[in-house]
Amino acid sequence: MGSITLKNVSKTFGEAKVIPSIDLEINNGEFVVFVGPSGCGKSTLLRLIAGLEDVSGGHIMIDGKDVTDAAPAERGLAMVFQSYALYPHMSVRKNIAFPLKMAKMDQAQIDKKVGDAARILNLTDYLERRPGQLSGGQRQRVAIGRAIVREPSAFLFDEPLSNLDAALRGTMRLEISDLHHQLKTTMIYVTHDQIEAMTMADKIVVLNRGNIEQVGSPLELYKTPRNLFVAGFIGSPKMNFLEGEYAKSKGAKTAGVRPEHIGLSKDSGLWSGTVTVAEHLGADTFLHLDVDGIGPITARAGGEFGASYGDKVFLTPDDSKLHRFDDKGLAIKA
Amino acid sequence: MARKVTTGARIGWTIAAWVVALLIFFPILYALITSFKTEQEAIAGFSLIPSGTFENYITVEEQRDYFTPFMNSVILSVGSTILALIVALPAAWAMAFAPTKRTKDILMWMLSTKMMPSVAVLLPIFIIFRNLGLLDTRIGLTVMLMLINLPIVVWMLYTYFREIPGEILEAARMDGAGIWQEIVYVLAPMGVPGIASTLLLNVILAWNEAFWTIQLTTTNAAPLTAFIASFSSPQGLFWAKLSAASTMAIAPILILGWFSQKQLVRGLTFGAVK
Amino acid sequence: MATQNTKTLARVMMAPSVILLLIWMIVPLAMTLYYSFQNYNLLTPMNVSFAGFFNYQYFYTDPAFFQSIWNTLVLVLGVLAITVIGGIAIALLIDQPIFGQGIVRILVISPFFVMPPVAALIWKNMIMHPGYGVLADLAQFFGAQPIDWFAQYPLLSVIIIVAWQWLPFATLILLTALQSLDGEQKEAAEMDGANAVQRFIHLTLPHLSRAITVVILIQTIFLLGVYAEILVTTNGGPGYASTNLTFLIYRTARLGYDVGGGAAGGIIAVVLANIVAFFLMRAVGKNLDK
Ligand SMILES: Nc1ncnc2c1ncn2[C@@H]1O[C@H](COP(=O)(O)OP(=O)(O)OP(=O)(O)O)[C@@H](O)[C@H]1O
Ligand SMILES: [Mg+2]
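Protein chains in written order, with the working numbering: chain S, 1 to 334; chain Z, 1 to 274; chain C, 1 to 290.
These are computed hints drawn from the structure, not numbers from a lab.
None of these values were measured; they are calculated from a predicted model.
By construction, the Cβ of each residue, glycine as well, lies at the ideal position given by its N, Cα and C atoms.
One thing to keep in mind: the hints can contain errors.
Said to hold, decoys possible - Facing chain S, a subset of chain Z residues (Cβ under 7 Å, in silico):
| # | residue |
| --- | --- |
| 1 | I58 |
| 2 | E61 |
| 3 | E62 |
| 4 | R64 |
| 5 | P165 |
| 6 | E167 |
| 7 | A171 |
| 8 | M174 |
| 9 | I179 |
| 10 | V186 |
| 11 | A188 |
| 12 | P189 |
| 13 | P193 |
To be verified - To list a few chain S residues with every Cβ distance to chain Z over 12 Å, as calculated:
| # | residue |
| --- | --- |
| 14 | L52 |
| 15 | A73 |
| 16 | E74 |
| 17 | S83 |
| 18 | M102 |
| 19 | R146 |
| 20 | D158 |
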């Protein structure tokens with residue numbers, strides 16, 4: 001089991017109100033991702049759930065039980081830290097066994113569990129090594145191993161992949177998703193990486209300055225962002241925000257058009273613009289354009305679309321995929 | 001740094017460096033050599049070749065009872081360091097891993113106590129010691145040395161502990177370790193190098209402390225510093241014996257010192273130079 | 001990682017150190033301050049009376065006081081000059097690609113581990129002794145008149161001994177700082193066409209400035225308290241020629257049994273040390289913020 005409920009949770013550090021008040025419901029078995037800009041309180045929220053920080057107000061419930069005042073170890077959660085936080089003086093085996101040893105489990109059982117975890121994580125050959133003798137990805141797996149042997153009711157990850165290179169991040173992302181499917185345990189995952197959030201989450205929680213901006217599945221957030229902040233934060237490259245005449249004509253203060261929802265052509269279209277930068281990624285080309293009467297716009301073209309600096313290009317936004325926002329920045333329902 | 005250096009230049013630098021090094025080391029070397037001379041040889045003019053007698057070492061031990069001050073030095077330096085460590089360890093832990101707004105101020109204040117000139121409190125300490133019957137006792141001096149080195153011990157431990165990432169201790173907490181298990185299984189093993197360095201440097205400092213040890217002892221608790229200082233008024237021929245006593249007094253700590261170069265820098269600059 | 005529990009625990013764990021140091025700091029200092037306003041001589045312990053500022057006046061008008069302040073100043077500055085300049089030179093030398101660098105280092109730092117009475121006695125008897133010292137032998141070899149160091153140049157002799165003890169410290173710290181100078185920086189400067197002297201002035205010296213500051217400040221703290229070296233060599237003499245403030249207070253208090261006078265001197269020493277400490281704390285405190 002592993003349902004987690006936050007009621008009115010707030011946190012202040014001295015004078016600074018980092019989290020004003022948060023209500024959140026996390027269901028058993030869900031993969032929940034916290035995203036938000038740096039410093040918005042993602043780690044703080046995670047650490048509050050873990051019990052590494054005291055809440056300043058409100059309650060935290062795990063499986064219906066109030067754990068607001070419980071010590072970290074009593075909450076039955078496991079955490080994987082950004083720096084891995086492996087014990088450098090212990091072998092991989094001892095690292096993974098440590099929580100079991102603390103729980104006073106008998107040795108035979110410990111050995112079995114460590115062996116199982118090592119098999120799942122492909123660490124069997126490295127059990128006698130020290131963390132210092134492992135690669136970044138292997139260290140990450142040891143940290144995960146140490147978390148899974150405890151059979152926690154939920155896993156907490158704080159940017160676990162941010163120290164890895166791009167390729168390894170891709171692999172580990174799949175491994176963690178895979179692990180979630182195998183274990184079916186609740187996971188809370190902090191990241192500021194778009195792709196991690198979109199690909200792994202059942203549910204994304206978008207945070208901004210300690211407030212929840214929106215909660216929903218990745219596609220919900222992508223298709224129906226509740227406000228400008230979410231619209232700008234989810235999706236890469238960022239949504240284009242247009243104000244002025246065009247927005248007014250659509251009955252909005254601000255109109256939002258995703259780069260992938262703009263049709264491009266060399267000879268005709270609604271707008272015309274000049275290419276300022278063309279990023280050729282192979283499959284896609286991202287064009288940064290200066291559009292006449294509108295301003296800078298980013299648009300996605302196919303990889304074959306040949307355009308380079310200074311070229312004249314015509315653009316047509318897909319009206320059916322248009323996002324409209326009122327003067328408070330809130331989305332206007334169609 | 002892969003710089004090309006000609007062998008010639010290298011030999012030149014090497015000779016210069018060795019000459020300087022030997023000049024600086026010479027007084028120690030000469031004391032060592034003299035300790036193996038007879039008293040007549042010792043005053044017979046410059047010579048680097050002793051006759052190789054061990055007589056001085058034997059005489060120093062028999063006539064002046066070298067063993068007592070030596071043991072006093074060992075007991076005082078090791079005892080005061082361990083005592084300081086026991087008091088300082090929890091404090092350093094707290095400051096490194098549960099810092100508050102005042103932690104920095106407390107650290108600075110501790111350091112400032114180290115800057116109080118000893119001589120300024122000589123009289124009160126002397127009078128307190130006299131009234132408590134602590135003059136010339138090992139226990140009194142041990143406490144004294146503990147107090148004057150405590151700020152350095154706290155500081156050194158703190159700078160070492162600060163390098164242990166807090167996340168590791170948090171991980172241990174998540175893993176179900178209580179405060180003692182956290183200290184025994186995680187902090188202590190990771191802190192061992194730092195603790196050992198601290199121990200080493202402070203034994204050296206306590207061994208060589210030559211103000212309080214001379215002021216507060218006469219015979220019973222006098223360590224080597226006071227013992228050697230009592231040689232300052234010579235009676236008869238004593239160059240070689242003095243050298244023997246000196247050699248024995250500095251040899252153990254000199255060798256320890258050679259192993260503590262890094263800790264020395266760190267400990268005595270309070271982490272300002274690493 | 002600051003939950004209420006850990007904070008409370010932290011306070012409890014800090015308490016022993018803080019309380020011990022607080023007592024150690026306050027009690028004797030308060031007593032010194034109190035004594036400094038009393039007529040109190042250990043030879044006549046029954047006659048204790050309030051002295052007002054008499055002790056300070058007495059200390060202040062004693063010609064030995066100004067001499068000792070002067071001597072303290074000369075001693076501290078002399079040793080600092082020798083150790084800092086010598087330390088830089090030797091550190092640069094050792095930092096060159098030499099054979100046996102490890103052993104050279106060990107030889108150079110050794111004097112630091114020699115306890116002060118031993119250092120002073122070796123120099124007094126085996127190096128500087130006018131009859132049997134190595135320097136006298138050397139002078140005779142060249143047909144010169146041996147110098148009676150402690151009679152003719154008592155303060156200089158003490159300075160030499162103390163400088164010998166602290167030169168290793170300065171060298172070691174400066175060498176450590178020197179070796180942390182980025183090799184790439186040096187190479188970049190070389191690429192920019194800077195010659196050795198320019199590199200030293202524009203790159204090495206600024207890099208060392210922090211270490212030099214630390215050396216000066218820390219040594220000053222210790223040098224203000226030089227005691228054993230004077231005790232076993234000149235005993236402060238001839239006259240007051242090699243008496244520093246520490247030694248004068250010791251003389252007044254322990255040899256003159258004058259508690260009041262010694263205490264007044266002690267308070268003066270505290271004030272002087274605090275001036276130095278103020279600067280040291282600022283230098284070290286800055287480092288803490290990083
Ligand atoms: N112990 C603390 N004391 C005071 N302020 C803190 C403390 N920890 C965090 N903060 C502040 O709380 C805010 C949120 O920090 P938090 O670490 O939760 O951000 P984050 O969303 O995890 O950012 P990042 O993506 O950079 O990791 C920041 O403004 C930070 O400065
Ligand atoms: Mg964070």
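Double-check M174 (chain Z) for me: the hint is only fine if its C-beta lies closer than 7 Å to a C-beta in chain S. 5 Å, holds
So, I58 (chain Z) near chain S? Judge it on the closest CB pair being under 7 Å. 47 Å, violated
Hey, is D158 (chain S) genuinely clear of chain Z, shortest beta carbon separation above 12 Å? 9 Å, violated
Would the hint on A171 (chain Z) be counted as holding, given a Cβ-Cβ threshold of 7 Å to chain S? Since chain S brings a Cβ to about 4 Å from A171 (chain Z), closer than 7 Å, the hint holds.
Closer than 7 Å between Cβ atoms is the bar; does A188 (chain Z) clear it against chain S? Give me holds or violated. Status violated, d = 10 Å.
Is the claim that M102 (chain S) lies outside the interface with chain Z correct, judged by CB distances over 12 Å? The claim is violated: M102 (chain S) sits with its nearest Cβ about 4 Å from chain Z, within 12 Å.
Find the nearest Cβ of chain Z to the Cβ of E74 (chain S) and say whether that gap is larger than 12 Å. Per Cβ check, E74 (chain S) is inside 12 Å of chain Z; nearest 9 Å; violated.
A closest beta-carbon separation below 7 Å is what the hint needs, so does P165 (chain Z) meet it against chain S? 6 Å, holds
Does the no-contact call for R146 (chain S) survive, Cβ to all of chain Z over 12 Å? At roughly 7 Å from the nearest Cβ of chain Z, R146 (chain S) sits no farther out than 12 Å, so the non-interface label is violated.
Holds or violated: is there a CB of chain S closer than 7 Å to the CB of I179 (chain Z)? At about 10 Å, which exceeds the 7 Å cut-off, the nearest Cβ of chain S leaves the hint on I179 (chain Z) violated.
The hint names V186 (chain Z) as touching chain S; please verify it with the least Cβ-Cβ distance against 7 Å. Holds. Min distance 6 Å.
Checking hints one by one. Is E62 (chain Z) an interface residue toward chain S, by the C-beta closer than 7 Å rule? At 49 Å from the nearest chain S Cβ, E62 (chain Z) fails the 7 Å test, so the hint is violated.
Violation of the numbered hints given earlier is confined to hints 1, 2, 3, 4, 9, 11, 13, 14, 15, 16, 17, 18, 19 and 20; the remaining hints are satisfied by the structure.
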